[in-house]
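Could you put together the complete structure from these sequences and hints?
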Amino acid sequence: MAQRINLNRVRARLRNLGRDILKDAAREAVNFSKESFRKQGWTDNGLSPWKQRKTKNRSDKRTTAKRAILVDTGALRRSIRVAAVTSLRARVVAETVYAKRHNQGLASMPQRKFLGESREQSVRFRKVIAKHFKGIFK
2 MAQRINLNRV RARLRNLGRD ILKDAAREAV NFSKESFRKQ GWTDNGLSPW
52 KQRKTKNRSD KRTTAKRAIL VDTGALRRSI RVAAVTSLRA RVVAETVYAK
102 RHNQGLASMP QRKFLGESRE QSVRFRKVIA KHFKGIFK
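Just so you know, we're using our numbering here: the sequence shown kicks off at 2 and counts up by one.
Since the hints were derived computationally from the structure, they do not count as laboratory data. Glycine included, each C-beta is placed from N, C-alpha and C at the ideal position. A few of these clues could be false.
Cβ pair distances, simulated, as ranges [to be verified]: (1) S123 to K55: 29 to 35 Å; (2) K139 to G75: 36 to 42 Å; (3) F138 to T44: 43 to 49 Å; (4) G75 to G106: 19 to 25 Å; (5) K135 to R5: 26 to 32 Å.
This is the structure:
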């Protein structure tokens, strides 16, 4: 027996498709960036570990415990969020004043990329898109 397709439902899903894909892709980008903090490096074509820090941070003065790179208070990691999603684009940001300096390696700071384009991230985006297209006719 042939399955009936509700064209009104399909139309509604198509109307919202771009925004829904971008919303999920932006969420995926945030998660991917936060994974960099757990992995201690950027994953593009394999993991590129971040350069170790040269000095202890202010909160480490009395301890010898090895702390994760780019993590003192956790503010940088927590600042990564979806800033805006429209039907044409999504914007993910890290809102600390020092985020750009670490991500791009400015002011004699080694680059420790945690936000940006990545091949592995592109694969994840394609999976998000495929999931949405499969769901159009359900």
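Structure-based check of each hint:
Restraint check, S123 to K55: a C-beta distance of roughly 33 Å satisfies the suggested window 29 to 35 Å. Range check, K139 to G75: Cβ separation about 39 Å, and the 36 to 42 Å hint holds. As the Cβ distance of F138 to T44 is approximately 34 Å, the hint placing it in 43 to 49 Å is violated. Remark: the range hint 19 to 25 Å for G75 to G106 is upheld by a beta-carbon distance near 21 Å.
At about 18 Å, the beta-carbon gap between K135 and R5 misses the expected band of 26 to 32 Å.
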